[in-house]
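Line order of the protein sequences matches chains G and Y. When the letters of the first sequence are read in order and numbered with the numbering used here, they come out as residues 35 to 328. When the letters of the second sequence are read in order and numbered with the numbering used here, they come out as residues 541 to 771.
None of these hints come from the bench; they were simulated from the model. One should not assume that every hint holds.
What the hints assert, rightly or not - To be clear about the criterion: a stretch of chain Y counts as covered by chain G if any three or more of its residues have a C-beta under 8 Å from a C-beta of chain G, and this derived list gives those stretches:
1. 602-610
2. 748-761
Claimed, not checked - Chain G stretches covered by chain Y per the calculated footprint, using a threshold of three residues with CB under 8 Å from any CB of chain Y:
3. 111-121
4. 275-286
Stated by the list, open to error - Anything over 12 Å on all C-beta distances counts as not near chain Y; from chain G, calculated:
5. Val53
6. Thr106
7. Arg124
8. Glu146
9. Ile163
10. Ile167
11. Thr171
12. Phe183
13. Ser188
14. Val255
15. Gln258
We put the beta carbon where it would ideally sit given N, CA and C, even for glycine.
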Amino acid sequence: MSNLSFSTVQSGPLLDCTVSLHPGVHWLLGNEPAAAASVIDLASGLSRPRRGTVTLNDVTLHRAASPAELGTLPARVHLPRVTVESLLERVLRLKQSDQDPAGLLAQWDLLEWTKRPCQHLSIREARVIALLIALATPRTKLLSLFEPFVLGLSPHKIEHHLHTAAATGAVVLIAAPSVSPHSSCTLNSASVLMLKNGRVLSASDAKISSDKVPLVALRIVSAQARTLAEGLSTDACVSGLTIDEPSSPHLLEVSGPDAAALANAVAQAALRTNAEISQMTLETHHRRPEMEGA
Amino acid sequence: MNRSPWISVELGFRHTLSFTQTRFWVVLLGVSSVWAILMSHVARDASPTEATTAALVGPIFGIAVPIALFIYCRHVEQEGLREAAITASALGMSRPAFALGATLALVASAIGLSIVLGLLPLMLNRGVADFASLADLGTTVWVVSLGAAAYVCCFAALGASGSWVQGFAFLLLDWGFGSKAGLSALVWPRAHLASLLGAATALPASAGTSVLMLWALVIVSTALLIFRLSR
């Protein structure tokens, strides 16, 4: 059984917090992507708090477990410049996993990625590979994942892996600044932490409300909607991206709390990706759970 | 449990060595080689041995190699060496071992570049037939390899902070102090490399001391690079 706890004082966008997590699935909600990313980095040992400690089973995380026993999907992923197969083969060997690269990719219907060089993967695709590796970690003690449900993989398969890990005694921490509709069913069987003003609050401190709170949404029509979505996928002010590819592949819906920041992010992503935008409209019909107070 | 760091070393090595398969590397090697050929031709008025030494010490290992290796390190770091090390750690690898692999690849590619640039004046000024003097060839190869390793490790370690300023300052100070006589030249690779390549320098150190100083620069800067990439 694994117990994760961390106590920090001002680590980037994250302020003072003391959190203890027991084995099981824990959701970290709240519309603060940068702070959520910091929590994942701290929890997985990728960064150290300026002061305070991060412990797993009462031992400082850096000494508690080999990195190979942790499954991590950070907010930013920059894979080594080798082929996907080569990377998976080595990492799975390091983690002593029984799976082979082709089997793992086939399990997620991504077999055609085998020979692709990692440096040619988009940001979203690189995060997909990191998620597959995290979920394939055998005997994991800690799974800390940033936004695993927005990558386009089967949410049911991801959920299955998360609950299997939790059932074997792992702490599963999922940071989801943008709560996907699918996650609502998971929330019923998991504990919930909330981020507010850079602080992590437990569910007992924060009341989760189902009140309808408007979010700004931009509906964008573009021939390169998918490219544009990939360019926006890690932007901190974007909390939701939707493309209904079978029926309307040129329609992208981008949501977030700040209209001006959202429009700026779209404009910059369009410049970066050379995507032409033929139409953009503003809507405010989205709803999300929101913390009422602490 | 298999916690072998060699997988991390190998991935760090392959990640960094992949930059030698890019158009950037071909252009860097091409421009440096053209410069080396031109400078070897300019120095041809002197005797073959003097011309070779003059070309190696001045324009090639005094100017082209340090600049090329500074640009190379900057390129590798701008393309996300630090981010790749962090991601490698998130995937379960050892970050220091990944950094060590990256350093080995930087050294290997720098040695490759310096050997090409070092042999060009030998071939052009003394001719392929004169390659019978294998001792000269061997000496040139190991000296330029050690010098290139010292330069690339220093630039990579100083650039690992994320800024180009420290590496550029090292380049300027190496030019400024490394070509002077006296104790101020002792810590700069340029002075020791020139001494080992046969230039008439007033460096207050023997050849053995120069070799030791270059090795010390390699070891200290490699340790600094691994430390910085592991934080």
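So which of the earlier hints does this model not fit? Hints 1, 2, 4, 6, 7, 9, 10 and 11 not satisfied by this model.
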